[in-house]
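Please model the complete structure; the sequences and the hints are all you need to start from.
There are 2 protein chains.
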Amino acid sequence: MLAEIVAIGSELLTPYRQDTNSLFLTERLNQLGIDVAFKTIVGDSRQHLTRAAGIAFSRADVIIFMGGLGPTEDDLTREAVADALGLELHRDQQLLDSLEQRFASRKIRMTPNNAKQADLIAGATILPNPVGSAVGQWLTGTFDECEKIILLLPGPPHELKRMFDEQCRERLHAKLPRAFIATRELRIGMMAESAADARVAPIYQRYTDVQTTILAGAGEVQLHLKTCADSPEKAQQRVDQLALELENELGDAVFSSQGETMEQIVGLYLQMRGATLAAAESCTGGLLAERITSIAGSSRYFAGGAVVYSNQLKTKFAGVPAELIKQHGAVSREVAARLAEGIRAKCKATFGVGITGIAGPTGGTPEKPVGLVFHALASEGSTDVIERTFPGDRKRIRWFASQQALDMVRRKLI
Amino acid sequence: MLAEIVAIGSELLTPYRQDTNSLFLTERLNQLGIDVAFKTIVGDSRQHLTRAAGIAFSRADVIIFMGGLGPTEDDLTREAVADALGLELHRDQQLLDSLEQRFASRKIRMTPNNAKQADLIAGATILPNPVGSAVGQWLTGTFDECEKIILLLPGPPHELKRMFDEQCRERLHAKLPRAFIATRELRIGMMAESAADARVAPIYQRYTDVQTTILAGAGEVQLHLKTCADSPEKAQQRVDQLALELENELGDAVFSSQGETMEQIVGLYLQMRGATLAAAESCTGGLLAERITSIAGSSRYFAGGAVVYSNQLKTKFAGVPAELIKQHGAVSREVAARLAEGIRAKCKATFGVGITGIAGPTGGTPEKPVGLVFHALASEGSTDVIERTFPGDRKRIRWFASQQALDMVRRKLI
Numbered sequence: 000m001l002a003e004i005v006a007i008g009s010e011l012l013t014p015y016r017q018d019t020n021s022l023f024l025t026e027r028l029n030q031l032g033i034d035v036a037f038k039t040i041v042g043d044s045r046q047h048l049t050r051a052a053g054i055a056f057s058r059a060d061v062i063i064f065m066g067g068l069g070p071t072e073d074d075l076t077r078e079a080v081a082d083a084l085g086l087e088l089h090r091d092q093q094l095l096d097s098l099e100q101r102f103a104s105r106k107i108r109m110t111p112n113n114a115k116q117a118d119l120i121a122g123a124t125i126l127p128n129p130v131g132s133a134v135g136q137w138l139t140g141t142f143d144e145c146e147k148i149i150l151l152l153p154g155p156p157h158e159l160k161r162m163f164d165e166q167c168r169e170r171l172h173a174k175l176p177r178a179f180i181a182t183r184e185l186r187i188g189m190m191a192e193s194a195a196d197a198r199v200a201p202i203y204q205r206y207t208d209v210q211t212t213i214l215a216g217a218g219e220v221q222l223h224l225k226t227c228a229d230s231p232e233k234a235q236q237r238v239d240q241l242a243l244e245l246e247n248e249l250g251d252a253v254f255s256s257q258g259e260t261m262e263q264i265v266g267l268y269l270q271m272r273g274a275t276l277a278a279a280e281s282c283t284g285g286l287l288a289e290r291i292t293s294i295a296g297s298s299r300y301f302a303g304g305a306v307v308y309s310n311q312l313k314t315k316f317a318g319v320p321a322e323l324i325k326q327h328g329a330v331s332r333e334v335a336a337r338l339a340e341g342i343r344a345k346c347k348a349t350f351g352v353g354i355t356g357i358a359g360p361t362g363g364t365p366e367k368p369v370g371l372v373f374h375a376l377a378s379e380g381s382t383d384v385i386e387r388t389f390p391g392d393r394k395r396i397r398w399f400a401s402q403q404a405l406d407m408v409r410r411k412l413i
Numbered sequence: 000m001l002a003e004i005v006a007i008g009s010e011l012l013t014p015y016r017q018d019t020n021s022l023f024l025t026e027r028l029n030q031l032g033i034d035v036a037f038k039t040i041v042g043d044s045r046q047h048l049t050r051a052a053g054i055a056f057s058r059a060d061v062i063i064f065m066g067g068l069g070p071t072e073d074d075l076t077r078e079a080v081a082d083a084l085g086l087e088l089h090r091d092q093q094l095l096d097s098l099e100q101r102f103a104s105r106k107i108r109m110t111p112n113n114a115k116q117a118d119l120i121a122g123a124t125i126l127p128n129p130v131g132s133a134v135g136q137w138l139t140g141t142f143d144e145c146e147k148i149i150l151l152l153p154g155p156p157h158e159l160k161r162m163f164d165e166q167c168r169e170r171l172h173a174k175l176p177r178a179f180i181a182t183r184e185l186r187i188g189m190m191a192e193s194a195a196d197a198r199v200a201p202i203y204q205r206y207t208d209v210q211t212t213i214l215a216g217a218g219e220v221q222l223h224l225k226t227c228a229d230s231p232e233k234a235q236q237r238v239d240q241l242a243l244e245l246e247n248e249l250g251d252a253v254f255s256s257q258g259e260t261m262e263q264i265v266g267l268y269l270q271m272r273g274a275t276l277a278a279a280e281s282c283t284g285g286l287l288a289e290r291i292t293s294i295a296g297s298s299r300y301f302a303g304g305a306v307v308y309s310n311q312l313k314t315k316f317a318g319v320p321a322e323l324i325k326q327h328g329a330v331s332r333e334v335a336a337r338l339a340e341g342i343r344a345k346c347k348a349t350f351g352v353g354i355t356g357i358a359g360p361t362g363g364t365p366e367k368p369v370g371l372v373f374h375a376l377a378s379e380g381s382t383d384v385i386e387r388t389f390p391g392d393r394k395r396i397r398w399f400a401s402q403q404a405l406d407m408v409r410r411k412l413i
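Heads up: the protein sequence lines correspond to chains L and V, in order. Going by numbering that gives the first Met the number 0, 266 is the number at position 267 of the first sequence; the sequence numbering is gapless. Going by numbering that gives the first Met the number 0, 408 is the number at position 409 of the second sequence; the sequence numbering is gapless.
There's no promise every hint is true.
One copy or any two copies: either way a pair holds, since identical chains are not told apart in the list.
Claimed, not checked - Straight-line Cα separation of at most 30 Å, DSS-like style, residue types lysine-lysine; simulated pairs:
#1 394 <-> 411
#2 147 <-> 315
#3 160 <-> 411
#4 367 <-> 347
#5 411 <-> 106
#6 233 <-> 174
#7 315 <-> 174
#8 315 <-> 325
#9 315 <-> 347
#10 106 <-> 394
Read the hints as simulated data drawn from the structure, not as lab findings.
See below:
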């Protein structure tokens, strides 16, 4: 069963805005066993939209239109879809009344253009919108001798997501052959995509019934597993079995077995151990602290940190002797170690992290090139340092460095 | 002149990956006076792709295909486009030789599948790829009695961008009626979109020849201006004139007159004044420092900072008296001011910023709800504090707070 997602809005055809709803919808459709075969993005032109709708009806089984359901002249989805299907629009009196009530309850007069939000395509079912004025529409029927399911959903993400989950998922499920999807997501830290794939390909290739997708980012490889079976248990068992084999192969390089982020996992481990963390960051400039504290509840395990760009602050906030910096340079194994030890002591934390490096684009030398970063982890009685030279631009190098430091903490806590 | 961008790759139809090249291409096409009317995303299916290509040829004048030019079985763009146009593919011997040389120079044997990267659509011009093995193709001609321009570009962003800028832009320009586009981007800090629009709409609505797009994010409203004229000077003069009127209306709420980010502007102002900044952050957890240090060269004006989640660290790193915290609470006007003053003194900086608030989702009370943030700016002889209650989730509240703090610094430096 194939789906097409049609995103409507001229703003989605500018350099500034992009459809993101379709990622959400794709995930939900995939869970129901429906593949997305096409996405179309079209502006607020009735002619373009009518033609795009006709094309979608001719090539997909489930067609979801997003956006263009508001009250303005530019909102033309209802009209265009009706045109493409050769169906009439009629104004629903009950819907019109409830729109008027909605305005009256806020003591605003409803302007006439709002009335078009009560226009329904013949045969459509209303999908009420608890968080907005534009209702959605659900339409099934035989078009060109094929059974089609057609959804009109509002564009604002929080309206669309709620409407889909509360009113469309079950309806769609009831229309489908009984099949159940199970998924798993493993994440691997600080390993190149090619190295990871070389190890896992011989395993996942044996599971011809499980779809495995490999995606790589800075310091992270994701393995997305998906399968379909005639019972939820059977499907789950199959992806779990593959996940287990992959975890056995990769060992503790796998940091996440359910798709959690690195900062979530580190937070989880710290909390389980009742441990706390502090960080002194030079080249990452607060990125590590920002990632850790982006997690709600992180105040329970993140003591605090310092952003120590200057040598004086390395001394003041993390107790690095000025002499040591003079001797080895600010970007050195020794300074990283003392940053970690010093911040740990100052913050009275279980663990201290120190990061110093050259994020670029300038500041590199032949001996200490852009991308060189020292990561240190200090704990009771010992300090480990990892030296890495990362590729990429300033943003990528900083991300790599924060990921490496988090991975050190994670491995310490395993 | 209308364009369609066709992004090819089954990974773009998963919940995990999204086409982003089209934003770059849209910007470039707009600069040339070409509007993007459709975007299509299609997987690695020859049948689907051939049909999508045919549809694109029937509704657009400039059609850009991205991706599917590699050596694997899934790379089918050449074949599908040739099919849709009813043209032959032929293997280019010179291109094949250079591919073989490319492999030989790296001492790798070229596997047979790579040869298909030398297949050209009849009549196409080769677009060499200096940073990858897949060449692009440029094809113009009359199809269905209309003049079409067809580009096949590689999918990896750095290959695509370079190929477009170095080899396609001028070629396209030469094919177009002589028209010149000029753009400007103004950014407004800490003003609601509706408030900004109410003030600027009467102005930009008079400029019917300039297209004005308003976009809003947390703590920021962007005004994108675009116009087209028969000389570059005339076009530029028109957008500059509108920009000036808008700036006059909005005054110093406009922080950026050429699309610079808030952190770039603050950095620029600090450098111009030879001033330095330090920050003590509680609820933003390093986000402010991270944003400032994301700018290359920020070590010249960012002294450093502290992430002070715990009360003890507020005292230790920023010298906030424990008694003051006890009396007013960690989230208070008084503590924000002392954080700013303390970190300024510790870091010997010209300015000190202090941020304390409740990012949520928990920790709020009726008196101090989630979203309440105090922002302080300390300078020689004075400290200002701004109290705000921001809407949204943890991420949005933290972003708002960092933006408010940066805006305080900016206004101090005007």
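Exercise for the section: Could you tell me which of the hints above the structure violates, numbers in ascending order? Expected result: 2, 3, 5, 7, 10
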